[in-house]
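Heads up: the protein sequence lines correspond to chains G and R, in order.
With numbering that gives the first Met the number 0 as the guide, the letters of the first sequence map in order to residues 0 to 168.
With numbering that gives the first Met the number 0 as the guide, the letters of the second sequence map in order to residues 0 to 311.
Please note that the accuracy of each hint is not assured.
Pairs of lysine to aspartate or glutamate, EDC-like flavour, derived with a Cα cap of 16 Å [what the hints assert, rightly or not]:
hint	chain 1	residue 1	chain 2	residue 2
1	R	56	G	166
2	R	44	R	159
3	R	44	G	50
4	G	162	R	53
5	R	80	R	159
6	R	194	G	155
Derived from the structure by calculation, the hints contain no laboratory data.
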Amino acid sequence: MSDGVRLIFKTLIKVPVIVLVCFFIFNVFAFGVSYMKMLGLSFVAMQVAVENNFIPPNEYNVIKSYMKDNLETEILQNVDFTSGTQLTKSQYGEPVRVGVQARYKFIWPLTPKEQIYGEFEGMNDNASFGGYKSGSELEALRQQKEQQAKSNIVIEYVVPGLKYYADLN
Amino acid sequence: MFVKYIFRWLLGTVVVIVISALIIEVVSISLVGFQINQLSRIAFKQACRYFSQETYKREDASLGNMSDIVNSQGLPIVSGKFYDGNDEQEVYDNLYRRNSAFRNWASEHKGIWKNFDLLLLGMGLPTQAGTSEEELYISKFYYESRMTPMNFGISYLDRDVVERIARWNLAELFSAGNESMVVDDGRNEPFVRYKGFRIYPQRAAIKDIKYDVFNVVTQKEEFQAITNIDSSKLGFDGPNDDRAKVCVATISYTVPVAYEGVTPLKRIMMFVWNRETNMANNEDDVLGESEIMSDGPRALPVPGNIVFTVLE
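Construct the entire structure; sequences and hints are all you get.
In structure tokens:
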């Protein structure tokens, strides 16, 4: 094999490897930054829970809007409180569960963007092609899929509530 | 050649492990150190609030006390008994009438607030209140209804009680109610493990409580500088309004902590070091963990200040 052909083959292998390594480094960096952001958010939520024994409605709304407006990006999605987060008042010293979660979307080359299978009308074994779903229907389906996606960043704490409520036993 | 290759790999592996461990330790110290600072502040702040809410005035028999914080063997480590006394009146008297710290504080602050002077009169303490029939009647009523300086918007904190509450808060907060995180090996002072740190709640202390009285009408800027409260929006009538004389308590506290590390790096280094010195000195085998992590002198204080005030 001549040197020229060898160089071509080497280059053919090198280029995708370099691309994959670059994407890997990018993902490590982006995941680290996203995780740190979530850590900061979780700590704020935890402090609110310690000071109030739950997440009061006002604070809940402020944090939620911060999540949507400042934290959610193309790669960090579904930022929310965990389902176990305590939203009702409890007494001094009682354990309070509070947490935040998000889904980090790993970015890889050649990732298929459309993941909605079997949703095209008539696209099954027994029927002929019957048409497409409309753009808005597809968008709704995409949203639904996104929201159902599992969170891969979950930070949860169990802390004692340190506020005394005279109206509670 | 092959041996050299193996040694090169071994050395490289050790270097990578050590550097990775160091990076993890640095990140851990940066993040958790900040958390400890903030949580300590919350523990003391909430202790001040708990005291200011007069939590011993309860209908149940607990008198605002909590259950002790115990270790995994069930031994009490941090007491949940905040208040001295068996009933509400006894606690009240121990906090104020019979308390030498309060008596000293009261003698320094008498003559500033009319209602406070009447309360002191009711308690039988030195005061600048008059002795008319009406004043005697009001002062008696104040004492019998167990009025406190807090009820008149005067921020007085009992140092011992706030310290006990803060210690309990610290232990509960850092252990998150998990008994296995509360350690008492009998040789060292009890501590709470928290993300690579040791917190010593029993040694947490209030160093000082400094009281400043501001007339928030005439000393608006000074008051705002220390509390960040704009007193012009509080609606006081004028400088002679009793409510305009606001007492601000500045609490200085300290929480001793020691660093254990989240990676085994420190233990490996101590192990190697002890092996070497033991061989040289012909002593016993390596030191135990408690000896390596000798607590007293290695604990560093996390200091902080809180500004606390109540407004009527």
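We went through each hint and held it up to the structure:
1. Between the alpha carbons of residue 56 of chain R and residue 166 of chain G the distance comes to roughly 12 Å, so the proposed pair stays at or under 16 Å and holds.
2. At most 16 Å may separate the alpha-carbon atoms for a hinted pair to count; residue 44 of chain R and residue 159 of chain R meet this at roughly 15 Å.
3. For the suggested pair residue 44 of chain R and residue 50 of chain G, the alpha carbons sit about 9 Å apart, so the restraint of at most 16 Å is met.
4. A distance of roughly 13 Å separates the Cα atoms of residue 162 of chain G and residue 53 of chain R; the hinted pair therefore holds under the 16 Å criterion.
5. As the CA atoms of residue 80 of chain R and residue 159 of chain R are separated by approximately 12 Å, the hinted pair is consistent with the 16 Å bound.
6. With a C-alpha separation of about 14 Å, the suggested pairing of residue 194 of chain R with residue 155 of chain G holds against the 16 Å cut-off.
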